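Engineer: Each chain, written out:
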Amino acid sequence: MTTESVLEEWLHRCIRCSTCKYVFRQYSPSCPSGEFYRFESYWASGRLALGRGLKMNELDWSDDIAEALFTCTTCGSCEEQCQAPHARSIVKIIEEVREQYVQKVGPLPRHKAFADNVAEHHNPYGNTHHARGIVAECGLPTRADTAFFIGCTSNYRETSIRDAAISIMKKANVDFTVVDEHCCGSPLLRTGQTDSVLELAKHNLAQFEAAGCRRIVTACAGCYRTLTQEYPGLLGSFDIEIVHLSQMIKELIKDGSLSIESEFPGHFTYHDPCHLGRHGGVYEEPRDVMRLLRLDVSEMSLNRANAWCCGAGGGVRSAFRDMAESTARERIRQAETIGADHVITCCPFCVNNLTSSSDGEVDVSDLVEIVDRMSVANPRQRARESE
Amino acid sequence: MGLVDCLNDIVGPKYVSDRVPERYLYSFDMTENPPQRPAVVVMPENVKEIQQIVGLANETKTPLVPFITGQNVGGLTIPQEPDAIMVDLKRMDRILRVDDDAMYALVEPGVTFGHLRKFLDEHHPSLRYTYPLAPPFTSVVANALLQGLCDLSTRHGAMADFVNGVEVVLPTGEVVRTGSSILGDENWFGRYPLPDLFGLFSGWQGMTGIVTKMALQLWPKPPFIEHAALFTFDEEATTQLLQGLVRTQVLDDADCMSLSLVKMLLGVPPPVHAMEGEPDYGTLLSLSGSTKIETQQKLKTLRRIVESPEHGLSRPLLIDWDAITALMGDQAASWVDFPSDAFKILTEYDGLTWVGTYIHPRNWGAALAGGRRIVEKHGFELMAFLKPMNGMHYGEFKFIIRFPKDETTVERVRLCNEELLDHALDQNAIPYKTPVWAAKKLIARADPEFVNLVKRIREMLDPNGIMNPGRWGI
Ligand SMILES: Cc1cc2nc3c(=O)[nH]c(=O)nc-3n(C[C@H](O)[C@H](O)[C@H](O)COP(=O)(O)OP(=O)(O)OC[C@H]3O[C@@H](n4cnc5c(N)ncnc54)[C@H](O)[C@@H]3O)c2cc1C
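Chains as they are written, first to last, in the numbering used here: chain A, 1 to 387; chain B, 1 to 474.
Watch out, some of these pointers could steer you wrong.
[What the hints assert, rightly or not] With the C-beta cut set under 10 Å, the calculated list includes, among others, these residues of chain A facing chain B:
no., residue
1, Lys-21
2, Arg-38
3, Arg-47
Worth flagging that the hints you see were computed from the coordinates, not collected in a lab. It should be emphasised that the depicted structure is a prediction, and the values quoted were computed from it without experimental measurement. Positions of the beta carbon are idealized from the N, C-alpha and C atoms, including for glycine.
Please build the complete structure, drawing on both the sequences and the hints.
Structural biologist: What follows is the structure in structure tokens.
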């Protein structure tokens, strides 16, 4: 799928100075796989060197290199820390090498399994596809200004996030529908299985257009990254605005469409999902919403561009569960260190991995679940509903 | 049982790898020195595990190569013999103690400059260590073992001079300590008055044992620090002026570099070349004091020397740091906040190398001028770096080359470095962090009895020749 080779463009870069390994000038760990495995090959600099070795035929394409190559969560922290000219291309280079690996050696078995599921069921979990069924179930219009792109993790695993998102938009009287969405392609893009992604993107765009949507809103950080960063490259420019639900919620609260009536006691912290923060540049809106909710919030020392990854992304949770869980436990530990009893995030995949790796000391929720719990429709909307 | 199984038993399988990626990654570094793959990489966590690895290496006559981050810029972690065990010491990264009274830190080999700085800022804010112009995540211990240079070297000398003592696993497996800590765990205050056994490990590039602890001197953080920039012309004039400035004893440090390096810091894209009429060198001068008046007076002293009429037409310029800040913006503060981010100008490609030496002050200017001609002849960017060392008892200079590691360029780099080294040796300069090819050239010219003694000591300490064999070409 890659047309211009980023690997070739940056082939002779990276002296392996280790700057990618730690938060620059703060000196805290930044790379989940490097911290877990510790060998040089598991940090960004090691992977770039592997890519170069493969390109220069100093290494053979074989499954020997799979673990070093596929344990990167593509969280992008290395890109924030690296001070060299190629900094902003590190994740792209890793993804390109993965793509070549899949072409030459084949996908990792666990990754292939979810790609097969996407092909057969349109979602990586292999659940029965039912996206559009929600329209009837929730009494939504079939055409609307806004499409709620649910995302597979919300739709088939963390369904309370999906339900909360729909509930919030209904309370705020948003004109929205749900289209016959297929997987956005994110898990395939991250794991080098790029062949079918263009088809997925075309399908989804056709659905948005058929439903007359001019705006897509999603609560999933991974979908948000793929829709905003990858779809334009795949499909060319298209005239549909893409927002993350946290951005929309902020506006809905501010313009009075949603009223916050209850309180939520506890000590909260916010975990930046990598796909939303570093890759999408959305750091402040979720925090603004938490302020509007009047939650008692403290920051973990690694936040925003330096946030520690939850460990799930890049196909790591499916293929390297130990590392994913150990990384998540570290994030939970960071939350505990500041005395937080509740971690809020904006990504169903982060919720999933953090929750399953937590010993229960800290609650983990998606922001939309908290907003739904604390909000009511504005008085006008309530009056309309009671008519 | 095979080697890998034995190592698995010692450190656990998670920290042993004979897989292709690790063997490949540990086979080369950023320099032009030829690669060689180790048989296996192992990551011990404590002294006992290191002792067991050393025992295994003796039994099987397997070479051991200590590694921390591999950024020595001399190919020093590239195995010189096949089938070596690479001993990556990153997991031993504890700062064991900071002694506020005797002002030292006791650290394990995996501790990096960045981590030490963070630890001191958080727990001992009145103390500072000293930092090279290296990336922040290189090893403090390896740097001291390699006798590197840092941002207090102009005042205090090479980093090995800051070592109070070490704990070492000898090539035969015993654990020994050098210095005052022979009288107890909380007693790492110095090396004297004792036979100075640190010399058995300092400058040996991992050939005489694996250092597991090192005590390093810290200094009180001065309340007032000033910087200024000095711009100079011509090699002889520059080195002479630096000698005069350092002999006033008001400077903590002086980093002198080809103007191209300053231009790189200002963001000029590669290749950066000298322009007619511009100064040849820019020097970052650092000084400190207990009061503002003290630092101002020190600056005045420097200014008096710089502005003396004897400099003739090519007058040096001393510029206040405020003016530099106006020119460079945030980069100015970042440059002088060590571990500095100035190293980033050396991360342009995948290749970085240098010929670096310590040299008699008398030969400093001539060495620099000759080196410049060689670099220009070979068509590389002019990236000289020099530092007055230890109160100007000696000088340092190196010619840095940043380069893409394609075959043709690597060959050009080799030729240039060889010529630079021959030239430096002609000036009786001693190369530091010597790759094998450079050490061989040094040995060929050195007093043979010195070389014999080095060999005898090595044989005595390491009868099976397991520690980093082939280093120094011996
Ligand atoms: C861009 C750049 C700029 C630099 N600038 C400077 C500078 O200004 N001043 C300066 O002094 N250096 C500089 N350096 C060099 C570098 O900082 C040091 O040499 C480095 O600190 C060594 O640490 P390391 O982790 O790279 O050691 P490694 O390269 O891993 O090891 C170095 C050597 O020590 C041996 N060794 C490692 N650990 C042990 C041990 N525990 N016991 C015995 N032997 C051991 C190894 O076998 C090897 O021979 C620079 C490097 C770079 C890349």
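Engineer: None of the hints should be skipped; say for each whether it holds.
Structural biologist: Cross-check of the supplied hints:
A distance limit of 10 Å between C-beta atoms decides the matter here; for A/Lys-21 the minimum to chain B is near 6 Å, and the interface restraint holds. Residue-level restraint check for A/Arg-38 holds (minimum Cβ-Cβ distance to chain B is 6 Å; threshold 10 Å). Among the interface hints, the one on A/Arg-47 holds; its C-beta lies about 9 Å from the nearest C-beta in chain B, closer than the 10 Å criterion.
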